[in-house]
Amino acid sequence: AQKVTQAQTEISVVEKEDVTLDCVYETRDTTYYLFWYKQPPSGELVFLIRRNSFDEQNEISGRYSWNFQKSTSSFNFTITASQVVDSAVYFCALSGFSNAGNMLTFGGGTRLMVKP
Amino acid sequence: KAGVTQTPRYLIKTRGQQVTLSCSPISGHRSVSWYQQTPGQGLQFLFEYFSETQRNKGNFPGRFSGRQFSNSRSEMNVSTLELGDSALYLCASRNQQRTRSTAGELFFGEGSRLTVL
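The listed protein sequences correspond, in order, to chains A and B. So that you can map any letter, position 6 of the first sequence is 6 in this note's numbering, and since no number is skipped, the others follow by simple counting. Heads up, this note's numbering is the position in the second sequence plus 116, with the first residue counted as 1.
One chain only, chain A, in its complex shape (with noise of 0.2 angstroms):
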């Protein structure tokens, strides 16, 4: 069985400030994938990145960072100098590697508001 845990339900910051939205999985397959999608308030879910188990490596992009560790099942997502827009859900996601990501297990979500 996945599971995937994301432990804040909302956070709340000021704009300008960094953020880490915190994600752990688990899994029994030994390959799978992650991803992080964001929701905001018309609905549908944009999807953000997708990181490979095997492939450890952290990426940026632009504000976006994101940091795996495989040894502690973690994915988790900072935002740096948020900004109103940023406001929305984020939900973390995983997949086996079996269904090529066709069949994704999210987590909880996390509310993520950013004041002016």
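To be clear, the hints were calculated from the coordinates, so they are not data collected in a lab. Only a predicted model underlies this, so the values are computations on that prediction, with no experimental measurement involved. Some clues are possibly wrong.
Unchecked claim - No farther apart than 25 angstroms at their CA atoms in a straight line, the calculated lysine-lysine pairs in the DSS-like style are these:
#, chain 1, residue 1, chain 2, residue 2
1, A, 16, A, 70
2, B, 129, A, 38
3, A, 38, A, 115
4, A, 38, A, 70
5, A, 16, A, 115
6, A, 3, B, 173
What the hints assert, rightly or not - Covered by chain B, according to a simulated footprint, are these stretches of chain A (three or more residues, beta-carbon under 8 angstroms):
#, segment
7, 45-56
8, 82-96
9, 102-109
Yeah, the Cβ is synthetic: ideal placement off N, Cα and C, and Gly gets one too.
Using the hints provided, position chain B relative to the given structure of chain A.
Same frame as chain A, now just chain B:
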């Protein structure tokens, strides 16, 4: 390029009724999956279709069913509605042409919000 379109966006039904939700994927995307989002259970996978065949199925009762047509459009049906079926139903499509490089990269619609009274 048009995104994933779901209809209807909002609907209200009563217990015992049935409902059909529709999803039009991005042009060229042949994989369509459905997710249920509720405050209590969060986002849960319902099923995934590819080329008119159900390829994966989540842990939902038989009242939940779906299908995909030859043009990749998909419908899901919930029969004998229960109060607990009130949820946002999200459809997602995926470009399957390059499996590894697009794995899990789903394009979601804005969802159909179902309220069961």
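Hinted pair residue 16 of chain A and residue 70 of chain A, Cα distance within 25 angstroms:
Violated: residue 16 of chain A and residue 70 of chain A sit about 30 angstroms apart, past 25 angstroms.
Sort out whether residue 173 of chain B lies within 25 angstroms of residue 3 of chain A, counting only the CA atoms.
Since the Cα atoms of residue 3 of chain A and residue 173 of chain B sit roughly 17 angstroms apart, the hinted pair holds (cutoff 25 angstroms).
Cβ contact check, 8 angstroms cutoff: the segment 102-109 of chain A against chain B, three residues minimum:
holds (count 8)
With a cut-off of 8 angstroms between beta carbons, are at least three residues of the segment 45-56 of chain A near chain B?
Satisfied; 4 residues make the cut.
Hint check: residue 129 of chain B vs residue 38 of chain A, CA-CA at most 25 angstroms. Holds or violated?
Violated, because 29 angstroms separates the two Cα atoms, which is more than 25 angstroms.
25 angstroms limit on alpha-carbon distance, applied to hinted pair residue 38 of chain A and residue 115 of chain A:
holds, 18 angstroms
Just to be careful, I want the Cα atoms of residue 38 of chain A and residue 70 of chain A compared with a cutoff of 25 angstroms; is the pair within it?
At roughly 23 angstroms apart (the allowed maximum being 25 angstroms), residue 70 of chain A and residue 38 of chain A satisfy the hint.
Residue count check for the segment 82-96 of chain A against chain B: does it reach three with CB-CB under 8 angstroms?
holds (count 3)
Run the distance test for residue 16 of chain A versus residue 115 of chain A: straight-line Cα separation, threshold 25 angstroms.
holds, 9 angstroms
Violated hints, in rising order: 1 and 2; the structure is consistent with all others.
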